[in-house]
Every structure is written in structure tokens, then in C-alpha cells.
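Chemist: Here are the chains, one letter per residue:
There are 2 protein chains.
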Amino acid sequence: MESRGNGSSVDKGVDFANYFCTYAYLYHQKEMLSDRVRMDAYFNAVFQNKHHFKDKVVLDVGTGSGILAIWSAQAGARKVYAVEATKMAEHARELVKANDVENVVEVIEGSIEDVTLPENVDVIISEWMGYFLLRESMFDSVIWARDRWLKPDGMMYPSHARMWVAPIRSGLADQKKGDFNSAMSDWYSFVADTETHYGVNMNALTKAYREENEKYYLKTSLWNNLHPHQIVGTPAIIKEIDCLTATVDDIRNVTANFMSSINIDHTQLSGFAGWFDVHFRGSMQNPAMSEVELTTAPSTEDYTHWGQQVFMLHPPPRVNKGDSLTVSFSMSRSKENHRLMDVEFAYELQQASGQRHPRITSKFYIE
Amino acid sequence: MESRGNGSSVDKGVDFANYFCTYAYLYHQKEMLSDRVRMDAYFNAVFQNKHHFKDKVVLDVGTGSGILAIWSAQAGARKVYAVEATKMAEHARELVKANDVENVVEVIEGSIEDVTLPENVDVIISEWMGYFLLRESMFDSVIWARDRWLKPDGMMYPSHARMWVAPIRSGLADQKKGDFNSAMSDWYSFVADTETHYGVNMNALTKAYREENEKYYLKTSLWNNLHPHQIVGTPAIIKEIDCLTATVDDIRNVTANFMSSINIDHTQLSGFAGWFDVHFRGSMQNPAMSEVELTTAPSTEDYTHWGQQVFMLHPPPRVNKGDSLTVSFSMSRSKENHRLMDVEFAYELQQASGQRHPRITSKFYIE
Ligand SMILES: Nc1ncnc2c1ncn2[C@@H]1O[C@H](CSCC[C@H](N)C(=O)O)[C@@H](O)[C@H]1O
Ligand SMILES: Nc1ncnc2c1ncn2[C@@H]1O[C@H](CSCC[C@H](N)C(=O)O)[C@@H](O)[C@H]1O
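These protein sequence lines map, in sequence, to chains H and G.
What the first sequence shows, in the UniProt record's numbering, is residues 1 to 367, in sequence order.
What the second sequence shows, in the UniProt record's numbering, is residues 1 to 367, in sequence order.
I should point out that these hints are in silico values taken from the structure, not numbers from a laboratory.
Heads up, some of the hints might be wrong.
Copies of one chain are not kept apart here, so a pair can be met inside one copy or by any two copies together.
Claimed, not checked - In the PhoX-like style, the derived pairs of lysine-lysine whose C-alpha atoms are separated by at most 20 Å in a straight line are: (1) Lys87 - Lys335; (2) Lys87 - Lys215; (3) Lys12 - Lys335; (4) Lys207 - Lys363; (5) Lys207 - Lys87; (6) Lys219 - Lys176; (7) Lys97 - Lys207; (8) Lys56 - Lys151; (9) Lys215 - Lys335; (10) Lys177 - Lys363.
So that you can see chain H by itself, here it is in the shape it has in the complex (with noise of 0.2 Å):
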């Protein structure tokens, strides 16, 4: 066990096989340095912003292949530490001397959290970013390195970040509920053909395997990329994060209460969509020549390999243009696993003609 900067205490083996291990796998990083959204963003946010990089020192929170500290050593900084908790750090190095930037990066392998840097500095790049934003809680770490190593003066790429909640049509939570009821049902002939010919009766399981099932197939979030369509009102910002100041007490419970109007008719609310989007804006007294912004909203064409985390409402109420949703959200992280989160989402529809249906609540995991 060991004592981590947010005060929480993780085994540091069981986060590794939990957490760490799928990216010390080179395929998990290509993945991510596929996601042309994602690329695009830190490479211009670095690029048209070399001002912030000319003659710094930078501090990579999870280089991971090492991309964004190369990207900083050609944006003319004049050192770099790219930190990598994984054996990925090995690939960094490699790639690093490839592209002729070894004098100014320095790959060090090992959590941010044990690592001693010889001197404070002036900007943390990092992408930390999980799914709905908050996700495997790598922000944690990110935090951790700004109290401990940023300069005063420093700066936060990304600086700011938002999370997002929409309501949505999908035939997602039909899908969904049919494999339910099949698992269910293939239940049935399990305890019946278990009893005929072993003489065991399975019966008293049903409700355990039916509420397994249940947060299986209806309570996990989904990933998926929507389409705009899918959005049938207004989206709300639920959670704005101030990179520069955010502590870990602040991010660690979510909530919010929200309004948003029904803009289609006659349609299912299916469920609410999460997603998130950050910004490059440098600091106050320095910054950006041009702001960047990250988003994984629905869209038509940039898809994002975050995609959008979706919660699904069962039964899904029908709804029409001109009513309202009243929304209480809150997130906080898993008991079992701090990266993963438990979500409570609790609504009200009030219909156009005035009608007020009572509130609903249903409880969420991000696995």
C-alpha cells in the first residue's frame, strides 16, 4: 500500500494489472495516436503556441509513446521529462532518439507520483483524459505533478476542461434490454434443466444472476459515437475544471442540477449522453495566440476514440418539443476501483401542456 498525493491509498500491484498494463501495449497507444481529433488538437495547440515552448522546461505527465514531448522539443523547449509509469517508456526513448530530440527529452520510467525531477517547470503537457473526462482519474496524478513541480508562473496544457450531458434517442437501449431478457431467459432453461438432471435447485440464484445481469446490460454506460440527431435537447455543461487550480476534492464527487428543453417530437428519450471537451488557452498572464479547443461531442465527422458515454433509461419515456427536463447528476468514483465511477442520474418531465411526471432516479457504473 502506499500513500498517494490525493490522500487515498491504492496498492500499487493491483492498480498496475487494473489499470497501467493495457498501455504498455503499443497497439493501445496507436490507437490513440490514430485519433486524428485528439492529434490534431495538441499538435496545433503546441505548434501555434511555440511562444510557450521556445527555451522552457516541460513536464509530459504519461508521455506513453513519447509524442507529445518530442512535440515540445520542436516546438523549441529547451529540456523536456517525459514520465511514463509503463515499460513504454523504453518505446519513448527509442522514438525520442529516432527523431533526434535526445539532448532535450529525457524519458524517465516510473509514476509521476516517485519521480524526482532536478528542477521546477514552466509548462505540463499531458493527456489524462478519460472516458466522460474523469475516467481511470489520471487528472489525480496530473495535479500531483502542478502542486509539486510547476512553476509559480507555469502554465497547463490542456488549462481547461468541461464535462457535458445531453439527452438522447438510441436504439441502443432496446438492443440492450433484448439481451437482457435472452440472458434471462436462457436463465430459465439453465435452472430447469439443472434441476432434471443434476437434482440441484438454482432457483434461489435467480435474483443474485438477475441483478449481475441487470448492471451488465442496463446500468454499465455504453461507448458509442452519435450522431447529432441523436441529441433531442439542449446540452448542458455540468462540471468546468480550471486546470491551473482544480484540486483533487473537486473532481472527486460530481454533481450537478440541470434543466434541458425537449427540441424533437414524438421521440424516446433513450438516455443522457456525457462526453467532454478541453481547451488550450494558456495562462492568464501569458496566453494562447490562438485558442484550441478538444472535443469529443457527437458528430458528424470527428469522431473521436473516446466516443460518448451513454446511460440508458429503462423503460425510455416518450417525449415531445416543448418539454422539460429537470436533471440532478452526480458522479462519484467506485468503492471497488477508484478510476471507475458510479453515476445517479434523477429527472422530471414536465410536459409542454404542463403535465409534471414524477421524478425518476437510476444508478450507472463506468466499467
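Model the placement of chain G with the ligands on the given structure of chain H, informed by the hints.
Modeler: Positioned in the frame of chain H, the structure of chain G with the ligands alone reads:
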């Protein structure tokens, strides 16, 4: 870190994250409970040999849903200790109650290595077999339980186990080779794109990416239920285990040299398949009335959830009836995870004509 019966040391939390976690799902237990070959074998072994259970004390190592413990009670056991490492123990307890054997079966949640029983036992029953018998290394825990809790004249259910290997033909080899080739051509366009759009040369990682994908597509053994016609030469037993006497040292490394005669003409030697069988023979002093076999060999009807493990040769040689293969097999535990295996096949092909081909060695991973 904790010291295990086998002398090696394994972090419990990591072992739980990597291994035990799946057994905590009813979904997974149900998969095993739906395997008719497996179920019939244990059911027949117990109920055709009730004299081994009548008024006896039984230990079920890894009781899962509790099925083997319940059968042992139904067969007349005086007392059954049903030990299960995961939360599945709670479901086992419910099932025991619902089947009216709670006076006989005591479910204990914990690793068998940590549990204290009030008495020694007459019978150890356990379903500990993984893919190709030894994957999961769960037999270590059964050995530990036997050495600690089995009475001197006690018996093991199952009592014996064997590992088999045979040369096979399969379309999987070409398919995986195709998947590997697409992954690599995809990589080359990725390298070109990254240079063009982002000014970074990724070619330094081509070798590592190839190795990662070779491991994944070509060197990792595959789960498959083969048709008996796919066996192209005589199968060989490469390991026999007496569950009453085997030690962890006996199973830590498995090595064998064997011959196989090709008995199909004009075919491809796509690779080798490995499977196992176990037997329920009681003990020497107290043999089974009717000896039951559980086999996972290729079959036209009796599919098991274990299937066979398939090890593909790239490139696959052509073989003919009358050719013979001299094969050296060795298997040891993966350094990173003692429940996974590293395998090596070295074979020499001697044609019916007398022509000898040079020995070829291939390494594989059972993941
Ligand atoms: N606490 C920590 N210390 C060091 N590396 C970390 C870390 N938490 C996450 N990481 C690493 O951060 C990376 C995030 S993925 C981003 C990789 C790279 N910067 C890119 O933009 O392509 C992963 O490689 C992960 O292993
Ligand atoms: N060292 C150990 N101590 C206790 N339980 C263990 C164990 N190693 C594995 N197990 C449990 O053993 C089970 C093996 S699967 C077999 C389950 C059940 N006996 C049946 O036949 O259907 C799993 O539930 C696993 O969690």
C-alpha cells in the same frame, strides 16, 4: 506479499485482479455449470461411488456455486467443508440452504491456503482444471489442501489427470496469419500518416510493433473445439499426474519427447493441439465401483468449455501419411503471472521416403 504453499510468493491483490475476479460472476459459474461433459463426469463420479461419500468428511476446494459440495452431501457425506476465495461463497451458501443441505455443508469464504478446518478430511473434491489442464495453476492449491488436510488414507476426486498433444490441421493458422498481415499493413500506413501530418517518424517502433503483434496473433495459443478429423497424426500423452502424490515441483515444468505418425495424406501440419482428461478412480485401498472419465479431447458431440488449446506453426509444413514427427515439448510458468504458461514445441519431420527436415523450434504463450 504472502508466502504460498508452493514456496513462491504472490501478491494477493494482484492475483485477485488478474484471476479470481472472473469467478465472482454468476455468469462465469453458469458457463461451467452448463458444461454437460464436465457436469456428467462429476455427477456420475459422485453418485456411482456413494460409498466414498457416505458418512465421510469432504473438502471441496474452490466450491464456486457450491455444486460439488451439494452433490457430496446428497451422496451421504457427514460433513462437507466448501471453501471459496471469492464473494461467490455467499451464493454457494444460499444454494446450500435452498437445497436443504445446510446441516452438512459449511461454506467458508477465503483462500484455501488461509483457512483453518476443525478436522482432517476423507475426500478432497475439486474442479481445478484450466485450459490444457494446468493453466490457472489452481492445482497448486489442491496439493496444498491435500498435504494439510487429507487423512493418510484419504482420496482425491479426481484421482488422476493426463495431458495430451496431437498434430492437427486447421484453417485458423491462415486466418491468424492474415490478421497479422493486416495489422502490419495498417501499421505502415499509420507510420506514413504520422510523418506527413505530425512530423514524427514512428518507424523506430516497427520492430517492436511487429513483435507485439506476432505474440498476439501468431504465438498465443487459441481456444478451439476441434473436429476429430482435424487430428492428422497419433496423439501422445505428455504428462500423467497422480493427484494423491503429485507435488508442485512435479507440475511446475512439463517436458516430454514423443513421436507422432502422420496418418492423413497430402495435408498441412497447421500446428499442435493440447488437451487433457481426468479420471475418478478412488484410491488403491478403496477403488471406485465404476471408474469415470472426463475428457476434453476433440469430439463430434462432447464439446467442453475447455475445448483444446491450439498452437499454430508459421509457416505450416506439408505432411503425408507415413511421415513421422519427433517432438520435444516443454511448458513452464510465465515469469509475470504464475497462472499463465510459456510453451515450446521443437519438431523434426522425417518423411516416409526417409528424408529428414531440420528441427524447428516455436515458442508460444498460453494467456
Ligand atoms: N501516475 C502516472 N505516472 C506516469 N505515467 C502515467 C500515470 N498515469 C498514467 N500514466 C500514463 O499516461 C499515459 C496516458 S495516455 C497518453 C499517452 C501520450 N501522452 C499521448 O498523448 O499519446 C499512459 O501511457 C499511462 O501509462
Ligand atoms: N486457492 C483457492 N482458494 C479458494 N478458492 C479457490 C482457490 N483457487 C481457486 N478457487 C475457486 O475455485 C473455483 C474453481 S471453478 C469450479 C467451481 C465449482 N467447484 C464447480 O465445479 O462448478 C473458483 O470459484 C475459484 O474462485
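Chemist: A separate judgement is required for each hint: does it hold in the structure or not?
Modeler: We went through each hint and held it up to the structure:
In this assembly of identical chains, the alpha carbons of Lys87 and Lys335 lie at most 20 Å apart only when taken from different copies (16 Å versus 28 Å within one copy). Proximity of Lys87 and Lys215 under a CA criterion of 20 Å is satisfied inter-copy only: 17 Å between copies versus 34 Å inside one chain copy. Proximity of Lys12 and Lys335 under a CA criterion of 20 Å is satisfied in both settings, with 16 Å inside one chain copy and 18 Å between copies. For the homomeric pair Lys207 and Lys363, the shortest alpha-carbon distance inside one copy (18 Å) is at most 20 Å, but the shortest distance between copies (46 Å) is not.
For the homomeric pair Lys207 and Lys87, the shortest alpha-carbon distance between copies (16 Å) is at most 20 Å, but the shortest distance inside one copy (44 Å) is not. For the homomeric pair Lys219 and Lys176, the shortest alpha-carbon distance inside one copy (10 Å) is at most 20 Å, but the shortest distance between copies (35 Å) is not. Taking the shortest alpha-carbon separations for Lys97 and Lys207, only the inter-copy value of 15 Å comes in at or below 20 Å, while the best intra-copy value is 58 Å. Taking the closest pair of Cα atoms, Lys56 and Lys151 come within 20 Å of each other only inside a single copy of the chain (11 Å); across copies the shortest separation is 72 Å, beyond that limit.
In the homo-oligomer, the alpha carbons of Lys215 and Lys335 lie at most 20 Å apart inside one protomer (16 Å), although the nearest pairing across protomers, at 35 Å, exceeds that limit. Taking the shortest Cα distances, Lys177 and Lys363 sit within 20 Å of each other inside one copy (16 Å), while across copies they are farther apart (44 Å).
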